[in-house]
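Novice: Residue strings, one per chain:
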Amino acid sequence: MTSSDPNATVAAVWRIESPRLIAGLTGLTRDLGVAEELAQDALVAALEQWPVEGVPRNPGAWLMTTAKRRAIDLIRRREVLARKLTELGHELAVTEPEPGPEQLVERADGIEDDLLRLVFTACHPVLSTEARVALTLRLLGGLTTEEIARAFLVPESTVAQRIVRAKRTLAKAGVPFEVPAGPELAERLDSVLEVVYLIFNEGYAATAGRDWMRPELCEEALRLGRILAGLMPAAAEVHGLVALLEIQASRSAARLAPDGAPVLLLDQDRGRWDQLLVRRGLAALDRAESLSAAAGEPLGDYTLQAAIAACHARAVRPEETDWVRIAALYEALARRAPSPVVELNRAVALGMAFGPAAGLALVEELTEEPALRGYHLLPAVRGDLLARLGRGAEARVEFERAAALTRNERERALLLVRAKECGA
Amino acid sequence: MRFMMIVRSDEKTEAGELPSRELIEAMSRYNEELAKAGVLLAMDGLHPSSKGFRVSFDGAGRSTVTDGPFAEAKELIAGYWVIQVKTPEEAVEWARRVPYGDGGVLELRQVFEATDFPEEVFTPEAREREQVLIDELKRKQADH
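These protein sequence lines map, in sequence, to chains C and W.
Note that this note's numbering has the first sequence beginning at 96, numbered continuously upward.
Note that this note's numbering has the second sequence beginning at 59, numbered continuously upward.
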């Protein structure tokens, strides 16, 4: 073993083994809280025994066997308890017969199914978004409450409470440990994908901060997405989300200037884009597109966003960007998930693809949109299109309006420069 | 963070001998495990050095090409994985699970990422040169 901290080694084993361990044990006990306790008990046993007896060849199987023995003891104790309660004339409310110890040991297979059930349980809509995120990071990412707290800049006790309450809510609501079927699956999958996407964004949007944990959140989300893709290889949108995350993550290094200022997509040094992640993203997108085509379904929201991101990723230089395709993809996205922000992006794409007049026509329609009132990018885009049309005086007013609306100092400075460039 | 798990060559790999069916089976299972855990980014096996070349440079800027095979079998690389993990210990844990019966050496090396380059290496001058290039690109774009 290395000379590194033994606690770090245990943490590494925990991270690798705990999701499958907890998933398998929840499958047995039907209780997330009990499963997590059993898994941790097994880990404690490992901490005591491995230094003496050496690390077993298959640590995962060792932990599972140990945890299962404890689960069986627990269930036996419960059975005795149940019998005694019955003797006393009480009835124990059980919705389904508890499996006997022998059946339990045989159920070692199907662990992948259990893992998938764990994902759907941790992301159940009965929980608040924060609870879903925390529970997913804890149960599937193997993160400690301390790590989760640091990542979201909240006190550790808050995260611990969230997790305890989430487990209680799941138990109270009688949420079954299962992957939903039929139309409910699509709905619930949305929640699962949203959790992964939220975790990623928390890391991505905060990259400007100094906190070292934030990029780790992106990596964590990527890992969760890849796990999900492995568990649901036939679900197009899962690959679409993974594609989107891989491509966005590929730009991380290029998104910040040396002085910490954000660098916009078209201004980024494409040489700093991570080509390994780009390739992985494009491969995942291919998969999402061909799965959708095979199923005869339109592309999902994440797949469409990934396809847009891919247009940028494929362009070696910004001027090689396929804006016509991007405009078409935004139109498809607007049809699926109409939103003023998507429309504004579509206006930008139209302006790039077919000239500023085409973009401006759409922007004019959006000026009455209440959701965009106070959104600085609306006048910024309008100003840009007007400037390109040679309508300098109008453009200047728009840039000034945008500068007054933005809350970002650097952006304001940039907008004021642009306003000045428009002349008097 | 990313680690490259490097597999060293031995006489067998250099002779182009393929692994046994059992080993391939075990390796596939291992690779699936890596992928399912979401940590596998890339992997490849390399042909023996007899199919490779070496390009060496002398002080005067001249280069010489030498055909393989190369002599120091143990110093050569036979294959690699690139994995993305949270800690070096996690990388070591994954490496420990590679199903090598006996023999075989794995080397773990952390992969450089953009944020690993300090100012002294990626100098302000280099950044400025880059900025000139970007500005040039933007100007060209504006000309369109």
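Derived by calculation from the structure, the hints in this document are not laboratory data.
Among the hints, erroneous ones may be present.
[Stated by the list, open to error] Here are the simulated lysine to aspartate or glutamate pairs, EDC-like style, with alpha carbons at most 20 Å apart: (1) Lys94/W <-> Glu241/C; (2) Lys144/W <-> Asp116/W; (3) Lys94/W <-> Glu297/C; (4) Lys94/W <-> Asp208/C; (5) Lys144/W <-> Asp126/C; (6) Lys144/W <-> Glu297/C; (7) Lys144/W <-> Glu69/W; (8) Lys144/W <-> Asp208/C; (9) Lys267/C <-> Glu438/C; (10) Lys109/W <-> Glu69/W.
Remember, it's a predicted structure, so these values are computed and weren't measured experimentally.
Novice: So, for every hint listed, does it hold in this structure?
Specialist: Quick rundown of the hints versus the structure:
1. Lys94/W <-> Glu241/C: 26 Å, violated
2. Lys144/W <-> Asp116/W: 41 Å, violated
3. Lys94/W <-> Glu297/C: 24 Å, violated
4. Lys94/W <-> Asp208/C: 13 Å, holds
5. Lys144/W <-> Asp126/C: Since the Cα atoms of Lys144/W and Asp126/C sit roughly 28 Å apart, the hinted pair is violated (cutoff 20 Å).
6. Lys144/W <-> Glu297/C: 17 Å, holds
7. Lys144/W <-> Glu69/W: With Cα atoms ~34 Å apart, Lys144/W and Glu69/W exceed 20 Å; violated.
8. Lys144/W <-> Asp208/C: 25 Å, violated
9. Lys267/C <-> Glu438/C: Judged against 20 Å, a Cα distance of about 42 Å means the pair is violated.
10. Lys109/W <-> Glu69/W: Judged against 20 Å, a Cα distance of about 15 Å means the pair holds.
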